[in-house]
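Enquirer: Here the protein sequences line up with chains A and B, keeping their order. To convert, note that position 292 of the first sequence is 292 in this note's numbering; the numbers rise steadily by one, no gaps. To convert, note that position 322 of the second sequence is 322 in this note's numbering; the numbers rise steadily by one, no gaps.
Do not take every clue at face value.
One copy or two, it doesn't matter: identical chains are merged, so the pair holds either way.
To be verified - Derived DMTMM-like pairs (lysine to aspartate or glutamate); straight-line CA-CA distance at most 25 Å:
{"no.": "1", "residue 1": "Lys215", "residue 2": "Asp230"}
{"no.": "2", "residue 1": "Lys279", "residue 2": "Glu45"}
{"no.": "3", "residue 1": "Lys42", "residue 2": "Glu58"}
{"no.": "4", "residue 1": "Lys358", "residue 2": "Glu45"}
{"no.": "5", "residue 1": "Lys80", "residue 2": "Asp244"}
{"no.": "6", "residue 1": "Lys80", "residue 2": "Glu180"}
{"no.": "7", "residue 1": "Lys321", "residue 2": "Glu45"}
{"no.": "8", "residue 1": "Lys49", "residue 2": "Asp299"}
{"no.": "9", "residue 1": "Lys321", "residue 2": "Glu180"}
{"no.": "10", "residue 1": "Lys49", "residue 2": "Asp230"}
{"no.": "11", "residue 1": "Lys42", "residue 2": "Glu180"}
{"no.": "12", "residue 1": "Lys35", "residue 2": "Asp132"}
{"no.": "13", "residue 1": "Lys376", "residue 2": "Asp357"}
{"no.": "14", "residue 1": "Lys215", "residue 2": "Glu236"}
{"no.": "15", "residue 1": "Lys49", "residue 2": "Glu180"}
{"no.": "16", "residue 1": "Lys113", "residue 2": "Glu243"}
{"no.": "17", "residue 1": "Lys353", "residue 2": "Glu194"}
{"no.": "18", "residue 1": "Lys321", "residue 2": "Glu68"}
{"no.": "19", "residue 1": "Lys89", "residue 2": "Glu180"}
{"no.": "20", "residue 1": "Lys49", "residue 2": "Glu194"}
{"no.": "21", "residue 1": "Lys215", "residue 2": "Glu234"}
{"no.": "22", "residue 1": "Lys49", "residue 2": "Asp138"}
{"no.": "23", "residue 1": "Lys215", "residue 2": "Glu194"}
{"no.": "24", "residue 1": "Lys49", "residue 2": "Asp253"}
{"no.": "25", "residue 1": "Lys196", "residue 2": "Asp244"}
{"no.": "26", "residue 1": "Lys271", "residue 2": "Asp225"}
{"no.": "27", "residue 1": "Lys42", "residue 2": "Asp230"}
{"no.": "28", "residue 1": "Lys134", "residue 2": "Asp244"}
{"no.": "29", "residue 1": "Lys49", "residue 2": "Glu236"}
Worth flagging that the hints you see were computed from the coordinates, not collected in a lab.
Number of protein chains: 2
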Amino acid sequence: MWRTASKQVIRTVGSSLSDLSPLAKQLHASPGSKKIVGVFYKANEYAAKNPNFLGCVERSLGIREWLESQGHQYIVTDDKEGPNSELEKHIPDLHVLITTPFHPAYVTAERIKKAKNLQLLLTAGIGSDHIDLKAAADAGLTVAEVTGSNVVSVAEDELMRILILVRNFVPGYQQVINGEWNVAAISYRSYDLEGKTVGTVGAGRIGKLLLQRLKPFNCNLLYHDRLKIDPALENEIGAKFEEDLDVMLPKCDIIVINTPLTEKTRGLFDKERISKLKKGVLIVNNARGAIMDTQAVVDACSSGHIAGYSGDVWNPQPAPKDHPWRYMPNHAMTPHISGTTIDGQIRYAAGVKDMLDKYFKGEDFPQQNYIVKEGKLASQYL
Amino acid sequence: MWRTASKQVIRTVGSSLSDLSPLAKQLHASPGSKKIVGVFYKANEYAAKNPNFLGCVERSLGIREWLESQGHQYIVTDDKEGPNSELEKHIPDLHVLITTPFHPAYVTAERIKKAKNLQLLLTAGIGSDHIDLKAAADAGLTVAEVTGSNVVSVAEDELMRILILVRNFVPGYQQVINGEWNVAAISYRSYDLEGKTVGTVGAGRIGKLLLQRLKPFNCNLLYHDRLKIDPALENEIGAKFEEDLDVMLPKCDIIVINTPLTEKTRGLFDKERISKLKKGVLIVNNARGAIMDTQAVVDACSSGHIAGYSGDVWNPQPAPKDHPWRYMPNHAMTPHISGTTIDGQIRYAAGVKDMLDKYFKGEDFPQQNYIVKEGKLASQYL
Numbered sequence: 001m002w003r004t005a006s007k008q009v010i011r012t013v014g015s016s017l018s019d020l021s022p023l024a025k026q027l028h029a030s031p032g033s034k035k036i037v038g039v040f041y042k043a044n045e046y047a048a049k050n051p052n053f054l055g056c057v058e059r060s061l062g063i064r065e066w067l068e069s070q071g072h073q074y075i076v077t078d079d080k081e082g083p084n085s086e087l088e089k090h091i092p093d094l095h096v097l098i099t100t101p102f103h104p105a106y107v108t109a110e111r112i113k114k115a116k117n118l119q120l121l122l123t124a125g126i127g128s129d130h131i132d133l134k135a136a137a138d139a140g141l142t143v144a145e146v147t148g149s150n151v152v153s154v155a156e157d158e159l160m161r162i163l164i165l166v167r168n169f170v171p172g173y174q175q176v177i178n179g180e181w182n183v184a185a186i187s188y189r190s191y192d193l194e195g196k197t198v199g200t201v202g203a204g205r206i207g208k209l210l211l212q213r214l215k216p217f218n219c220n221l222l223y224h225d226r227l228k229i230d231p232a233l234e235n236e237i238g239a240k241f242e243e244d245l246d247v248m249l250p251k252c253d254i255i256v257i258n259t260p261l262t263e264k265t266r267g268l269f270d271k272e273r274i275s276k277l278k279k280g281v282l283i284v285n286n287a288r289g290a291i292m293d294t295q296a297v298v299d300a301c302s303s304g305h306i307a308g309y310s311g312d313v314w315n316p317q318p319a320p321k322d323h324p325w326r327y328m329p330n331h332a333m334t335p336h337i338s339g340t341t342i343d344g345q346i347r348y349a350a351g352v353k354d355m356l357d358k359y360f361k362g363e364d365f366p367q368q369n370y371i372v373k374e375g376k377l378a379s380q381y382l
Numbered sequence: 001m002w003r004t005a006s007k008q009v010i011r012t013v014g015s016s017l018s019d020l021s022p023l024a025k026q027l028h029a030s031p032g033s034k035k036i037v038g039v040f041y042k043a044n045e046y047a048a049k050n051p052n053f054l055g056c057v058e059r060s061l062g063i064r065e066w067l068e069s070q071g072h073q074y075i076v077t078d079d080k081e082g083p084n085s086e087l088e089k090h091i092p093d094l095h096v097l098i099t100t101p102f103h104p105a106y107v108t109a110e111r112i113k114k115a116k117n118l119q120l121l122l123t124a125g126i127g128s129d130h131i132d133l134k135a136a137a138d139a140g141l142t143v144a145e146v147t148g149s150n151v152v153s154v155a156e157d158e159l160m161r162i163l164i165l166v167r168n169f170v171p172g173y174q175q176v177i178n179g180e181w182n183v184a185a186i187s188y189r190s191y192d193l194e195g196k197t198v199g200t201v202g203a204g205r206i207g208k209l210l211l212q213r214l215k216p217f218n219c220n221l222l223y224h225d226r227l228k229i230d231p232a233l234e235n236e237i238g239a240k241f242e243e244d245l246d247v248m249l250p251k252c253d254i255i256v257i258n259t260p261l262t263e264k265t266r267g268l269f270d271k272e273r274i275s276k277l278k279k280g281v282l283i284v285n286n287a288r289g290a291i292m293d294t295q296a297v298v299d300a301c302s303s304g305h306i307a308g309y310s311g312d313v314w315n316p317q318p319a320p321k322d323h324p325w326r327y328m329p330n331h332a333m334t335p336h337i338s339g340t341t342i343d344g345q346i347r348y349a350a351g352v353k354d355m356l357d358k359y360f361k362g363e364d365f366p367q368q369n370y371i372v373k374e375g376k377l378a379s380q381y382l
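Full structure from sequences and hints, please.
Expert: What follows is the structure in structure tokens.
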């Protein structure tokens, strides 16, 4: 049983988490019918418009038939918050909860405490900060995501947002639909990307893919991370490692956030740090909204210190109607969409199915998918 | 005198246009005070917002002091059309007319006939289709542009538009400012660029720069042009030459127009050609609006045959308030801005100054800048 295979037990079977000894297999084995709950966004009239639109409630990752044919129960909903929500009803007896970052079901310590049968929390996509990871670890749960499923999607989206800000696209589009034509009102602050200094905060999978895609644009590329990129790749991309974040940031014309939300990165861009950025800096954040101090971003966009801010992540999500980022000047925000392209959905649906299959068989997941493995946090969350 | 240095005379001085023999120099020499007229867009309150905003009426390419110190007269206006316009007043006695594609002064055969002193037509930027080139050639004029001044700007902008369409960015942005949150309404037709087939119609300077920037996106890249790209570059980019346009087009998920407007390309994308494109094709056109049949694009966007259309060029410009492209579904249009970034303005202002300097000194321009050289059309316009 996954739940009972707690930290204590795992520690006795060896320090290598990929060590699938017969004992561990036995502990991992999880026979019988499972109750699986998936929380996705509803597509309504859009569900029928694309046969590959797998990530919505209506399609439920395309795994219902497969799950039910094996005797499992599969409940799917978008109703995720509050004591009377559909999700809340199933918390006491679900075994597996599948969530997404796009319509996140917040898995609090309280919910984990109530979920007596819960063994496995899967993120269809990447990012598990909607889960109280400490509480999940303390309860001996496993939390995993489909690492890599949408890293290309997000990196491409970041490059789009960089260009949208550098070019001042949004006011141009607005002129068109408002029947106007005023080139000057756009071009007085429209630039080439070429020659600008772009820094990424974090150069993990997404950050690296972004840097590779930026390479032909002839920018000055910088990156900050805990670790240097592999020298061959660093040389190929031509990006410069910056050990000290606060040394890198004031050099950047454009800053892209590519770090997970952890206790270390929460509120990283507060009033003080933003005040030290170059005046007129552009910021792209598809990582997590809570990495920014919400009001500090609004104030800096209003003063012009930040000349443009674009991203698809908010705190909280869905963003309420009165979220100030909807109304601040010079933003190019969208709902949380960068990782839920149709191509991404196909990949993360396949990744969730693969992990469920391994879970039923008592097998390990691909190592990089683990956020919490049977009570033990992955290294980047420590 | 440039005007009198007509085709006939040039032909006698040698077939090499770059051959600056003493005789040619003498013919090119153009002594005395010149009347130079520049037609730019007005910046109004935006002029003061950026010291490098050179391309507007208020800054006039930053060459007024230089011109006047040499005894030349420099008239600048944005009032360009109709018999009572400021430009029309100066047509009879101007020697040089500087125009831009962003706020084009249409130089018709009639205007050329009236312009008895006209010798030189300069485009601050790239593209001279707002000039009746045949009439200009017949009158023995020289027409030149600042080739290369904003090719990077336009190529970057095209990649932005590709991603905006592939990602379905615009509806996402609109949701944000309208207080909505509906991920499904965006993502049911949001894709990765990776793996898609992108074809460029034309692989000149801009097309090549676009292909180079697309390379790391792992697309299937195709190009159609009169000539194959240099094999080394073709191999580096990994793009495939398509000799027959109509064989290439139906293969493309995304089509980018990178061909000048000539009598051969006018109306190239008509109803019939569009009907043969892949259903759901995305089209980016920063080349010229008249390459498309306006109504055929509207109809195909309305039916969904074209799933997205983005560009910054219109027919005519400025686009009237009732231009149907403003109101068709799934567009991401802007006014004509891609080539008038601040970086581009700095380059084309310098290029115009350089050509004026050479004109005053009776020297040749950089060869690639010529559209019409003293009555002779450059090869791509023949």
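Enquirer: Evaluate Lys80 and Asp244 at a C-alpha cut-off of 25 Å and name the case that applies: within, between, both or neither.
Expert: The answer is neither: 40 Å in one copy and 54 Å across copies each exceed 25 Å.
Enquirer: Up to 25 Å between alpha-carbons, please classify Lys376 paired with Asp357: within, between, both or neither.
Expert: within (22 Å within a copy, 72 Å between copies)
Enquirer: Between copies, within a copy, both or neither: which fits Lys358 and Glu45 at Cα up to 25 Å?
Expert: neither (34 Å within a copy, 64 Å between copies)
Enquirer: Please work out whether the CA atoms of Lys49 and Glu180 approach to 25 Å or closer within one copy, between two copies, in both situations, or in neither?
Expert: between (33 Å within a copy, 20 Å between copies)
Enquirer: Tell me, please, which holds for Lys49 and Asp299 at an alpha-carbon limit of 25 Å: within, between, both or neither?
Expert: Answer is between; shortest inter-copy Cα gap is 20 Å, intra-copy 40 Å.
Enquirer: With identical chains treated as interchangeable, where does the CA-CA distance between Lys353 and Glu194 reach 25 Å or less: within a copy, between copies, both, or neither?
Expert: between (42 Å within a copy, 23 Å between copies)
Enquirer: Could you figure out if Lys271 and Asp225 sit no more than 25 Å apart (CA to CA) within one copy, between two copies, both or neither?
Expert: For Lys271 and Asp225, the Cα distance is within 25 Å only inside one copy (22 Å; across copies 52 Å).
Enquirer: Could you figure out if Lys215 and Glu236 sit no more than 25 Å apart (CA to CA) within one copy, between two copies, both or neither?
Expert: both (9 Å within a copy, 14 Å between copies)
Enquirer: Regarding Lys42 and Asp230, is the shortest C-alpha distance of 25 Å or less found within a copy, between copies, in both, or in neither?
Expert: Answer is neither; intra-copy 41 Å and inter-copy 50 Å both fail.
Enquirer: Within a copy, between copies, both or neither: which one fits Lys215 and Glu194 at a CA-CA cutoff of 25 Å?
Expert: both (10 Å within a copy, 16 Å between copies)
Enquirer: How would you label the pair Lys321, Glu68 (within, between, both, or neither) given a Cα cut-off of 25 Å?
Expert: neither (38 Å within a copy, 57 Å between copies)
Enquirer: Quick one: Lys89 to Glu180, C-alpha cut-off 25 Å, is that within a copy, between copies, both, or neither?
Expert: neither (52 Å within a copy, 27 Å between copies)
The earlier numbered hints that this structure contradicts are 4, 5, 10, 16, 18, 19, 22, 27, 28 and 29.
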